[in-house]
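Participant: Place chains B, C and D on chain A using the hints.
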Amino acid sequence: MQIAYYPGCTMKASARQHEDAALAVLGALGVELREMDEWNCCGVVHSLTSDNLIRHMAPVRVFARLREQGADEVATLCDMCFNTLGRANLLAQRHPEQIAAISATSGDDLSYDGGADVLHLLQVLRDRVGFAKIRARVRRPLRGLSVYPYYGCKLLRPAEVGIDDPETPAVLRDLMLALGATVVEGSLQTQCCGAYHVVNRDEVVTQRVSATTEQARAGGAEAIVLSCPLCHYNFDALQPQSGAQMPIFYYTQLMGIAFGLDPDQLGLEEQQIALLPLLERHNLVHAPTPGD
Amino acid sequence: MTITMRAGGEADELLRKVETLSGQNLAGCYQCGTCAASCPLRGSMDLGPDAIIRHLRFGLPDVLDRQSFWVCVGCDGCVERCPRDIDIARIMGALRQISIQENGDHLVVAQLPAAALRKLPPIALVASMRRNTG
Amino acid sequence: MTMTEQAPMISMELMGKHYSVPSGLTIMAAIEYAGYKLVRGAGCRGGFCGACPTLYRRDDSHRIFTALACQTLVEDGMCLVQMPFVPLMTKPYELQTITPQPNTLLQHFPEIAGCVACNTCTRSCPQGLHVMDYIQAALRGDVERAAMLSFDCISCGICSSRCPADIKHYAVGLLARRIYGKFGTPLAPDLSARVAELVAGHYQGALDELVAMSPAELRARYEQRSFEAVADGGETHSATKSYNSPVDPVDFQDEIEV
Amino acid sequence: MELSDGYPESMRESIALVERTRPARLGVTFPAMSLDERKTLLTQFHPDYKADAKRPLLFGPSKGLLLNHELADLFEARPLVRANLNLSQSQIDSDVDLLVIGGGGAGTVAAIWAVKEGLDPSRVMIATKLRHGDSNSTMAQGGIQAADRPQDSPTHHFLDVMGGGHFTNRPELVRALVEDAPQIIQWHEHLGVMYDKDAQGHFVENPGGGTSRNRMHSARDYTGLEIMRVLRDESRNLGIPVVEFAPAIELLCDEHGRVAGAVLINLETKRYHIVRAKATIITTGGLGRLHMQQYPTTNHYGATGDGLVLAYRVGAELVDLDAVQYHPTGAAFPAQMAGLLITEKVRGLGAQPVNRNGEQFVYPLEPRDVEASAFIRECSERGLGVGTDHGINGVWLDSPMVDLIHGPGTIRAALPAMFRMYTRFGIDMTRDPILVYPTLHYQNGGVATDEHGATSVPGLYAAGEVMGGVHGKNRLMGNSLLDFNVFGRRAGIAAAAYAKAGHAPGKLSLAHVDAYEGMLREANIETTRTAPRILPDYRGKEALERYLDIPL
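Residue numbers (our numbering), protein chains in the order written: chain A, 1 to 292; chain B, 1 to 134; chain C, 1 to 258; chain D, 1 to 552.
Here chain A stands alone, though its shape is the one from the complex (with noise of 0.2 Å):
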């Protein structure tokens, strides 16, 4: 299977290491990823105004270049990307005369009829590789590991983008039994993790933070585990302010890891909380010998 592939500025920056883990455990479901060519910044998120066209260009242009460069669909690992370029569509669909007006302003031909799919490599995981697959691939099941699944907010809405039910959603879950771990819910696994405030309004986001990992924690979850590089930043890097130290995967990490890939593809040691000893703790990876 070929998909073609949009990054994100993001998975060239700071979450290298779900890219990396993603392409290695892709390989071994026989899916290969081919990054675009040519590609922008897609915008992080969709602009809110009706007059406020120019900041639609970027999403439309990164269809704009996926159709010249002959795809119809296109997968992405971000989150936001995932969700500016799903809204981005939908703008195409329901009005052409916006993306008309955005191809004459631009210059360039920019023209689009919202005909491409954007896919997140959750689904294509769940629809066209399929959890049995993954389950029948897993060589070192999870099995007592507990973690605890993180939506965020731009996977599930609008619920006309969204990959799942906006409310009660199941792909995280699904995937992780999938791959042999124990499961912790709570009603916090769908709100915001405070985004963008990291960059000046920290202290909102370290509240939504420390919140969630405490009803991760207070459920019995070991680790929390995601998709949204950004809410994968927020967690990882400011839950030490509140005082807690859980563990943050990527789900394709944990994939990897079930998968029984070498732990150097899947970039375990990138983050600020460290995961290898909870991995060590289950006996997912080998703990290095002294003297090694």
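Each hint should be verified, as a subset may be incorrect.
Stated by the list, open to error - Some residues of chain B that are not near chain A, with every Cβ distance over 12 Å (derived):
id : residue
1  : A11
2  : C32
3  : A36
4  : G48
5  : L60
6  : P83
7  : E102
What the hints assert, rightly or not - Some, not all, of what chain A presents toward chain C, calculated at C-beta under 10 Å:
id : residue
8  : G8
9  : C9
10 : K12
11 : A13
12 : S14
13 : R16
14 : A58
15 : V60
16 : V62
17 : T105
18 : D108
As the list claims (entries may be wrong) - Computed spacing ranges between beta-carbons, pair by pair:
id : chain 1 : residue 1 : chain 2 : residue 2 : range
19 : C       : S226      : D       : E37       : 15 to 21 Å
20 : A       : R34       : D       : E19       : 41 to 47 Å
21 : B       : G23       : A       : T182      : 42 to 48 Å
22 : C       : E13       : D       : N84       : 45 to 51 Å
Don't read these hints as lab results, they were simulated from the structure. In this text, a Cβ means the ideal position worked out from N, Cα and C, and glycines have one as well.
Facilitator: Using the frame of chain A, we list chains B, C and D on its own:
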């Protein structure tokens, strides 16, 4: 009997602007408070989303001086749950944009500390600039 | 030049005034023909220094066009002005103390996060560079691509003057190239060996001898030189092996068609 | 004029001949000349040997030096300021340790090294006529020489330089040039200059005219631009103040005859600005814009030889100024490009010069003066040049050979500036040859200095193109970028040491201006000309005919 509760003058102008930019009809809100109850960032706001709508409709002063619409990140939790199908995130977006147009940027990029910039995911900065600057 | 004297006259509007000038002149030559003595707005006069950025309109388009005055022919009906320069301020940095990280460019130029991908910079670049793409590469920390795509930049600043996000493109490209030049390519192995030899005084004696030689002795030595290209039977160092070749050459096709 | 892909039909006929002979020429190179053949050719055809083009300098320390009339005019001209200018303490606008006059390559390197040598950056000043970096340095395309490969050595480099200069060079300067070269490249590497390298880090090194080894380091064909913009960035980051659009119009001395700063002029307000400095470095570049013998030039707008006349007025000696370099390959077509530089790298990559009939007539990589003379001979005596309708004849440079030899895409990758420039005027140099003719390129000689850039006048240093001696009567390709780095650095270090040694200037004086006017009178030179020239004048004669100099 119809009771129209609308302020005149500047406040009315603000309401009209918000409605135009957001594409939402604020009169549709029946003030059930579901949005405020759903909002994960309500604790950091100085006025709940329902109250923002109320203040706008009643033409109460100083709505643009509030912090709430800067706190809202558009997570769409309230939007999903609003029984009146009002896109509250767009109302907040409209207020941000009006404020930026009137008072300038809400974020001074040049003053962000280098240490933070060294680590931040690019998406955090891009999103923050898109929401806080013109 | 005889050609310009015979050339048909055309009309150009310079800073709001009409002038009749011979066709076939560059914009810069036309401005001088009209009687201006340039102080700002002229530098190398050969397309390398970026001193002559020019904005103009034409009656067949609503757009503003951009050009280097020394590299562009004046057209009938052109309405133009020269930009003296585009202000630039950057925070000082010490390249030696930089440890390249994915965010290094973002850290020095956080405003690149404001890029809306409008591509105005690319359209305005008189060098035909993919400016927006190198800013996007910078945003995601791809220093090599930013360096390669920006390499032919002459810092005229037109992109920066047109950018809705007020990005200092040419400064971003410069830092990307310096980081790539310093950290992105291996140090030249032969060079450090030769410098070590020189520091150790390896060539002192031979050079002392040459400096002391009479012109006649030198001529004799000179005539005896062996030539590498001949001795080696051809080129050993081909430019096509260049590590620093443009990954995405400028699309000149548009310019040829004009 | 009907053009087909950029060329008129008349030229297309000759291009067809070039195409016809091309397959047979591949791999067959015209033989190089012996030293005697070179000499004969030069004396017959090089513009420096043209009988009535020169006159001797009539006064001063270099009296008798033969100069082109255009250059002699510069010396036989009156100063722009009078000796009675008020120079009292209260009139001093800037008081610095080091004044660098000229913001091109040499000046920037000198300022950086003066700071590295311990001067406080805020006590250094770069004053420049145009913008910082607007200079011939920026326009240098082809490369920079340094003998850094195992099969090369500084001694090979030394011989090449001496031979290129017809053994007239000052050997101790040449020694400094070749000995420092590898360290300069290493410094650039350290600063992040993006030289062309292969995957292992080896530089891509090509031959140049008159070189026996491949030692031309390049950065595409924007070598000078790349070096200059990095140096400018480095100097800005060090916090060295730069005053733009403020050329020096006269040097200042103190009562001991030491140079002690300069009078600058703000080109926009015309307000003068007095700078007192413990040490002064002249890095004003060359003189192409004087258009010797009416030749077009490759030089930038400000290359009017100002530094030569400033230095001469305080008593500095001049050397080798009788020789001027005409670059063999200036663009001869189209008219809008006339005189612009076609980098020697084009020949370094294998393009052959051929005449109207598509025949080779000279070894492609002779030293520049020899190569240029051969082009002039082909177009004059032999009558085998290619005519254009703007009156310039030229010879073909068979550029499509580059891609044939090195593979398709080489021109675009290795010569983007050339390719871009021709494309702008409708010519595709990967498909068609380009027409070239010699163009005024380089000053060769200049202010005489020792190997540390010190002139014969205390407190005054010179570096870069304005300085003479290192290239003798003819510079080789790739040695000017090297020259401004080597001697900019040396002058910066030496001047910083001089300034630190406590040479606080005494009372400022312009007595040398009076003395110079006296020498003019004694030599019976009566003129209204003034110097320095500052900028050439290209205003249209129709406009000037109606020019009124009215007060505003």
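Participant: Against this structure, judge whether each hint is valid.
Facilitator: How the hints compare with the structure:
1. A11: holds (20 Å)
2. C32: Non-interface label on C32 (chain B) holds, nearest chain A Cβ at 17 Å vs cutoff 12 Å.
3. A36: Consistent with the label, A36 (chain B) stays out of reach of chain A, its closest Cβ about 14 Å off (over 12 Å).
4. G48: With a cut-off of 12 Å, G48 (chain B) remains clear of chain A, as the shortest Cβ separation is near 15 Å.
5. L60: holds (22 Å)
6. P83: Holds: least Cβ distance 14 Å, greater than 12 Å.
7. E102: Label holds. Min Cβ-Cβ 14 Å, cutoff 12 Å.
8. G8: holds (8 Å)
9. C9: Result: holds, 4 Å to nearest chain C Cβ.
10. K12: Since chain C brings a Cβ to about 4 Å from K12 (chain A), closer than 10 Å, the hint holds.
11. A13: holds (4 Å)
12. S14: Holds - the Cβ of S14 (chain A) comes within 10 Å of chain C, reaching about 7 Å at its closest.
13. R16: holds (7 Å)
14. A58: OK, holds: A58 (chain A) within 10 Å of chain C, min 4 Å.
15. V60: It holds, given that the least Cβ distance between V60 (chain A) and chain C is near 9 Å, below 10 Å.
16. V62: For V62 (chain A), the interface hint holds, since the closest Cβ of chain C sits about 8 Å away, which is under 10 Å.
17. T105: At about 8 Å, which falls below the 10 Å cut-off, the nearest Cβ of chain C leaves the hint on T105 (chain A) intact, so it holds.
18. D108: holds (6 Å)
19. C:S226 x D:E37: 15 to 21 Å: holds (20 Å)
20. A:R34 x D:E19: 41 to 47 Å: Holds, since R34 (chain A) and E19 (chain D) (Cβ atoms, about 42 Å apart) stay within the stated range.
21. B:G23 x A:T182: 42 to 48 Å: holds (45 Å)
22. C:E13 x D:N84: 45 to 51 Å: holds (47 Å)
Of the numbered hints listed earlier, not one is contradicted by the structure.
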